[in-house]
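If you want the building blocks of each chain, they are given just below.
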Amino acid sequence: MELILPFLIGILFSASLYLILHRHFFKLILGLILFGLATNLFLFVIGRLTRGGSAIIGPEEKVATEPFADPVPQALLLTAIVIGFGIQAFAIVLIKRVYQSFGTNDLDDMNTTDQIEEKH
Amino acid sequence: MNHLLIVLPMLIPLYGAILSLFSWRYVRAQQIIGILAQACMLIASFMLLFDVNEHGIRTTQIGSWPAPFGITLVADLFSSMMVITSAITGMAIYLFSIKGLDKARQSFGYYPVLMILQLGVSGACLTGDLFNLFVWFEVLLICCFVLIALGGTKPQLEGAIKYVTINFLATGFLLTGIGVVYGILGSLNLAELAVLVRTPVSHPALITMAGMFFLIAFGIKAAIFPLFFWLPASYHTPPIAISAFIAGMLTKVGMYAFIRLFTLVFVTDQELTIPLLTVLAGFTMVLGVFGAASQNDFRKILSFHIVSQIGYMLMGLALYTPLAIAGSIYFILHNILVKTNLFLISGVVAHRHGTFALKKLGGIYLQQPFLSVLFFISAFSLAGIPPFSGFWGKFMLAKAGFEIDSFVIVLVSLAVSLITIFSMTKIWNEVFWKNKPESDPLLNVMTEREKHNNRLLHLPVAFLAVFILFIGLYAEPVVAMAQLAAEQLLNSELYINAVLKR
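Quick mapping for you: the protein sequence lines, in order, are chains A and B.
Counting with the working numbering, you get residues 1 to 120 for the letters of the first sequence.
Counting with the working numbering, you get residues 1 to 502 for the letters of the second sequence.
One or more of the hints may lead you astray.
[Claimed, not checked] One-sided and incomplete, this derived list gives chain A residues near chain B with beta-carbon spacing under 8 angstroms:
(1) 42
(2) 79
(3) 81
(4) 97
(5) 98
(6) 116
I should point out that these hints are in silico values taken from the structure, not numbers from a laboratory.
Backbone N, C-alpha and C define an ideal beta-carbon position, used for all residues, glycine too.
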């Protein structure tokens, strides 16, 4: 299990970057979502995986009994998921607006803000 | 009271934003709340700066959990200087927005979002915790996304999509870096991390790797070479009131985090980081200034100059002597004020003439001599002509470079200054000096009311110019304070002792 997860994260990262580099808007959205997933999974795994031990301190104990899952990466992860979700929602609405006002779904058509002479 | 002072720069914009949201339909009320909040913020940040200057580093623990476990807020001189500059620019932007931004944008949440953006800036500067740094960066980035897209014109949407995509990637890198740091060291509190990296650890190379993740993440946010291409593509698209604040403040907050982390935590492998940062600083300066030289639009020239000025700040970090870091700090403060002011000036010009293209502008020196003087002050500060403020920053950086025999980077920086003067002279010649090209005479007719509004727009520009002149002509206390701040950054013992109360 622990051997599969790093490979999975690597595949997710590479797939997401490949999709983000594509010209199609929808693939950009998919890429952003996968990239968020890959980072979150990375955070989860790097906090060391512990199965079945929650960090709850029993009524008679002073500290939690080993082995327990570290709650900090989990808190980190939850926050990151929520923030990532917000940004993804914003990105999807933005891309929809762009599609509506430009009438294109090709990112290569969006090069006017880089050009030196503005078109008239 | 001391604890309250550290929290106030976050509480004031937060409450301001909440009150503005309550008065959603009354733009006038939002304006009044905004100005009041900015005034309070200015007073609070001055008090914080004086307090920190007098008593050294101040800390507070939110919720009273002791240091390595709870949420720590730390105010040292560098962070309180950042907060104060953010308050000053915030005041100017609010004064500008009242007349300089269209009613539609004002009534769709401009004021509350801008205040939450300021909350994010204060939070990112005052936090003492890696994960909170990430959260505050997200707060300010989401506000930036909204502000850049607010209004939904075509260029804005196009700029926003580039900005959102690249910043989402930067966030991913930042999170990965935080994950690596936590995986190796098992802590996220900056002071505890500083202790842990200075004791022998089992995998020093992994810490360097985490450092590189942060380098890329904050490199994107601060727009250093080779990660700056999104900046000139997006910063000039929103209306001036918005782009002035974003352009003035945001990249410098990235730079703040950069300097904080690379003086406090990622100091173990300086044989690698310092040459790397030096090369990056040199390329950032040179490419930014060449990009600016090729542009023909007021705002785009200024956008490329942001990139080139970031190079100077990075150069101070790369030289890594107390004087160089002090130079960087002074340069950041000066640059926030000057850059915001130049953007505002371009806004005043465009408000009157309806365009940013250098070709179509002209003759402003004749029509608006006062504005020309204000531009002259800001442009010469940016280029670094004595006695204006940019000179002192560049002087400290160059002196620090010569002291440790880094001649190449110093020569590059001085050459870049020359080309900066070229760009500023180009704007001066085209916009202010040459005769206005023939155009539709109807365009130049302004009603009495519009003229009055245009005069009011000079107020924030003059307000910022006063501060620019102050830190230029009366530089000694500011430079002394920057040197103290640099000492606090380089003596990490001070920071660690203040936070962990040892």
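> If you check each hint against the structure, which ones fail?
Replying inline: 3
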